[in-house]
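Numbering (numbering that gives the first Met the number 0), first residue to last: 0 to 184.
Treat the hints as calculated values from the structure; they're not laboratory data. One or more hints might be untrue.
[Unchecked claim] Derived DSSO-like pairs (lysine-lysine); straight-line CA-CA distance at most 30 Å:
hint : residue 1 : residue 2
1    : Lys148    : Lys85
2    : Lys31     : Lys101
3    : Lys33     : Lys160
4    : Lys160    : Lys85
5    : Lys148    : Lys101
6    : Lys33     : Lys175
7    : Lys148    : Lys160
8    : Lys160    : Lys101
9    : Lys31     : Lys175
10   : Lys101    : Lys33
11   : Lys101    : Lys85
12   : Lys85     : Lys175
13   : Lys160    : Lys175
14   : Lys160    : Lys31
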Amino acid sequence: MSIIELFILAVGLSMDAFAVSICKGLSLGEIKPKHMCISGAWFGGFQALMPLIGYYLGSFFTDMITKCAHWIAFTLLVIIGGNMIKEAFGKEEEVDANMDVKSMLLLAIATSIDALAVGVTFAFLQVAIVPAVSFIGVITFCCSAIGVKIGSIFGSKYRSKAEFAGGIILILIGIKIVLNGIGVL
Numbered sequence: 000m001s002i003i004e005l006f007i008l009a010v011g012l013s014m015d016a017f018a019v020s021i022c023k024g025l026s027l028g029e030i031k032p033k034h035m036c037i038s039g040a041w042f043g044g045f046q047a048l049m050p051l052i053g054y055y056l057g058s059f060f061t062d063m064i065t066k067c068a069h070w071i072a073f074t075l076l077v078i079i080g081g082n083m084i085k086e087a088f089g090k091e092e093e094v095d096a097n098m099d100v101k102s103m104l105l106l107a108i109a110t111s112i113d114a115l116a117v118g119v120t121f122a123f124l125q126v127a128i129v130p131a132v133s134f135i136g137v138i139t140f141c142c143s144a145i146g147v148k149i150g151s152i153f154g155s156k157y158r159s160k161a162e163f164a165g166g167i168i169l170i171l172i173g174i175k176i177v178l179n180g181i182g183v184l
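Input sequences plus hints: build the corresponding full structure.
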């Protein structure tokens, strides 16, 4: 996986956290740098942790599934991306201004479940996991911190657009993986 592909994947994965961070920024009122750092740390941390867990879970099955790994990666990314697109057109999620451990932990887990599945695909694709998850974590940290600020300025106007864009990105990456796997690219 090239650095450009990893960057696009990281941006796609961070869109859920970005959207939630926008809502946090909207509900916070006065934004302080600590709010941006808290949001970035929780979401970035979990976006890095979950693919790592998925990678190690997927590593147990890699030898058995190597021949169809590209189809598995494609299927998982299309499902994740399709779900993000569906959520973009769904009803608005309620996010409050609370940034305590319990609230942020639940939101961080919820927004990083798709990253767990991506970690499984990393195992099948034999991606260098430590640099990949570090990169994803940093990109998500930045997107989440920026999302809090944007939320305080623009509100929830762009939440669904961000989620839609993230879904499209993940589906396109899945298509590229399957086309590489069957020898078209």
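Outcome of the hint check:
no.	hint	result
1	Lys148 <-> Lys85	25 Å, holds
2	Lys31 <-> Lys101	20 Å, holds
3	Lys33 <-> Lys160	26 Å, holds
4	Lys160 <-> Lys85	11 Å, holds
5	Lys148 <-> Lys101	22 Å, holds
6	Lys33 <-> Lys175	39 Å, violated
7	Lys148 <-> Lys160	17 Å, holds
8	Lys160 <-> Lys101	27 Å, holds
9	Lys31 <-> Lys175	40 Å, violated
10	Lys101 <-> Lys33	17 Å, holds
11	Lys101 <-> Lys85	27 Å, holds
12	Lys85 <-> Lys175	21 Å, holds
13	Lys160 <-> Lys175	23 Å, holds
14	Lys160 <-> Lys31	25 Å, holds
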